[in-house]
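Peer 1: Could you slot chains B and C onto chain A? The hints should help.
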Amino acid sequence: MVGVTEETALLRWIPLLPLLTAAVHGVMLGVLRRSLPREGVIALSCGSVILSFVLSLVAFFRLLGLPEGGALVDDLYTWIGAGHFAAEMGLRVDALSAVMILVVTGVGSLIHVYSIGYMDEDHREDRGFQRFFCYLNLFTFSMLMLVLGENLVVLFLGWEGVGLCSYLLIGFWYADRFNAYCGAKAFIVNRVGDFGFLLGIFLLFRALLEAGTPTLSFAGMEAAFGAIAEQTVQLPAWIPGPSEWRLPTLIGLCLFIGACGKSAQIPLYVWLPDAMAGPTPVSALIHAATMVTAGVYMVCRMDFLYAAAPGASATVAWIGGATALFAATIAIAQTDIKKVLAYSTVSQLGYMFLAAGSGAYTAAMFHLGTHAFFKALLFLGSGSVILACHHEQDIRKMGGLKERIPRTERLFWIGVLAISGIPPLAGFFSKDQILAAAFASHLPGHLVLYGMGLFTAALTAFYMGRLHYLTFHGECRLDPAQRDHVHERGPTIRVALYVLAFFSATAGLFGFPEALGVPLGVEHPHSLWNFLAPVLSEERHHLDHATEYGMMAAAVGIAVGGLLLARALYREPSDLPARIAERAGALYRLIRDKYYVDEIYDAVIVRPLVFVSDRVLYRQVDAGLIDGLGVNGTARAVRLAAAHVLRHAHSGLAQGYLFFLVVGTLVILGYLVG
Amino acid sequence: MDLAHQAVLLSGVLFAIGTVGALVRRNIIVILMSIELMLNAVNLAFVAFSRIWAHVDGQIFVLMVIVVAAAEVAVGLGIVIALFRNRESINVEDASLLKW
Amino acid sequence: MIQVLFSLFALLAVIGALAMVLNVRNTIAAALSLVVTMISLGGIFVLLEAHLVAVIQIMVYAGAIVVVFLFVVMLLNLRRDVFGPSGQRLTKALGAVAGVWLVYRLLVLLEGRLPATQPLPDGFGGYRDVGMALFTDFLLPFEVTSLLLLAAIVGAIVLAKRRLD
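Protein chains in written order, with my numbering: chain A, 1 to 674; chain B, 1 to 100; chain C, 1 to 165.
Chain A with its partners taken away, still in its complex shape:
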């Protein structure tokens, strides 16, 4: 839906400010080798992100002033110009990207502030503090470019940028090799996804080029898409599977592979749990609220494509649903507080894709927003707990913290309720809409999907409850030395938690469903829907209100049930959970060890690849063939030729030289005469 556009130079400052501060930090640390004092770093980095947020708000309100479907654009310069194709370095704020920039800069600002307190120890370490904020700013810039880009190329620029910053930030404490390994794992798995993403872009571009409209800008593609929507692609025979594909389906699948990598869906989710090796603010910002949502954003951005590709959409929904369920089962047996939250994130992202695949792009974006709030809250809260327990992350060693850090406990509980979907907190509204969309969609097996989603909701409530009770309730299982030092954190940490808790509680109002609003006398209560509808090509599902009420009741009932079960098992110290785990035996071990997926990947993919790279490609080809034969071999050949053969031509005897003279004359004569 393309409407009125207004040019404004405001937009460029939104990503530019964090970039500038990142550049300042980079130059200072990398080139000048001096560091700013702590206050300077804070003022610069937090200031730039907060300013970006303010500018985003200004842009948002300016956008509201435009007629429906309008957009603010800022065209900086022509980045790539090749024949009839041009990729502009251009930014675009329409309803969809407006939501994203508010989330990114808003949650981002809060996390920047939180990091002041959290990374305090690192400021005594050499340059660690400034380096952290440099990377954080760089990440903010990349993410903003991703969501503000007016074409796929700028989006991909941001896509790669956030991948890089993720690597830098996961491996932030690089002195410990394990952290560096986790960062590398994230980057490499992302790269696999990016390969699919690039294939999708290439297919799309080629089709548009042959149709005479070579463009990768979203507005242009949407307008020109109708012309190529019915094309088919023939794959070469050696690729397994069917050889003829509908073009939109193939593109949609390829792009979705990239989304699987970036947003941690099956089969490329394995990096996210290990990404918890990074500092907790990183986990909150990148691996909960922003970077991992890039895949969802991309699918919603390309809604015109997925609307024309039912096969791809169905795949998206099914993978989303399956991932949601799969990750939730793993989460119930994890013992590291951050790992539980990591798998929870994977699961909730699955919900978003389930919605997007069902065509309910608004529901996906809504859940993206609410999830950003409560997941960030949960992560930051867990960070607070970790600091309080002196870097203890094993929940089996916690407990009884409710008395010692009550405010953190209260806020964390709000997050737990929100993610479980208890009304009137935000999670209830967004999750409910996803389930309704799955139920009402025309996807194959949509009822099964609905069931999976519902069961996942139950598991979600259960494992979050388990996490809460084990962490805060019962006996304190910490060492006595640690126990006495448990205290609430400073104001910078707490302010972030309060703000996030507030939004976790109230954000539901933005997505108030009709079924509830109409009885209250409000015609179109779903403000988010009203806002996004002109931009997203989405059909409204038509479920009668009775069905909706039934589903809502089911969801709430299940969630409450899950929480009660967790409370029964974990609130008081007991050995009942341990006995259940023993009875379940192999099944329990299976989910605790995350279905051995990492081990399978290692054996099937990583090890053979490393073997081939090292033993074959490196030793045989590179060192043996190219070095040995090519480089050293050439040198050896020359040496032999010169030393053993040519040497004899320089005998020092005049007669030898005369001999060559005669031979040379013969050769020339032969050439001239013969």
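A portion of the hints provided could be inaccurate.
Claimed, not checked - Lysine to aspartate or glutamate pairs mimicking DMTMM-like chemistry, simulated, CA-CA at most 25 Å apart:
(1) K402/A x E488/A
(2) K397/A x D176/A
(3) K397/A x E488/A
(4) K397/A x D336/A
(5) K402/A x D479/A
(6) K161/C x D94/B
(7) K92/C x D94/B
(8) K161/C x E88/B
(9) K161/C x E72/B
(10) K397/A x E475/A
(11) K92/C x E93/B
(12) K397/A x D593/A
(13) K397/A x E572/A
(14) K92/C x E88/B
Simulated from the structure, these hints should not be mistaken for laboratory data.
For clarity, every value in this text was computed on a predicted model and none was experimentally measured.
Peer 2: Here is chains B and C on its own, set in the frame of chain A:
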């Protein structure tokens, strides 16, 4: 075949003998004499060509060659003497300092 | 008649050349064989109507240049030159083959390309004819060769003199 043509043939033969001598012998003086033989063969060829084309230029060239040969012999034998003073030998293989 | 003389001189020339090259022990003998060759060539020059050149050949070449060779041989007091086996036997053998092959190629080059001998004008090859050409058409080369001789003389003296220390 008339006389001049036979002379060219003879010139070739003498040139060959001179070349082989310059390549094979080790006595420096004999090598120099072989080179003189080669020059003589060339002179013969020039005279023969002068006869064939009835042009006197060939004979002028012979005079030039004789002058050059004389100069070359003077200097060459001077070198041989200097060499002999240093090495007590006229074996050309004893004068191979330029070898590898 | 002329043909007989030519064949005789040719034979002598070749025998002298071979004697010089194949002679292994006596350097003086080699030099004298060279004289035989040169005188024979002088005779052939006469038969080819190059009278001035023939005389100059005998006077300068046979009479001066080879004499210088003999001077040097006697100065160095060389008797028999007995050398050990050559270290370059292979090269020398190949060299001999190459030398012969070279000449063969040269002759192949010339074969059939030489025109018939043309008739001669009067006084061809005499001192007047050669002298006129030398001092008119070839004046510059004449002067240059005199400079060459000067350089050679100086060089020979420098090379051969004993040091003054």
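Peer 1: Compare the structure with each hint and give your call.
Peer 2: Hints versus structure:
1. K402/A x E488/A: 11 Å, holds
2. K397/A x D176/A: 23 Å, holds
3. K397/A x E488/A: 18 Å, holds
4. K397/A x D336/A: 10 Å, holds
5. K402/A x D479/A: Between K402/A and D479/A the Cα gap is close to 16 Å, so the pair holds against 25 Å.
6. K161/C x D94/B: 22 Å, holds
7. K92/C x D94/B: 16 Å, holds
8. K161/C x E88/B: 17 Å, holds
9. K161/C x E72/B: 17 Å, holds
10. K397/A x E475/A: Holds, because 10 Å separates the two Cα atoms, which is no more than 25 Å.
11. K92/C x E93/B: 12 Å, holds
12. K397/A x D593/A: 19 Å, holds
13. K397/A x E572/A: Distance of about 15 Å is within 25 Å: holds.
14. K92/C x E88/B: Within the cut-off at roughly 24 Å; holds.
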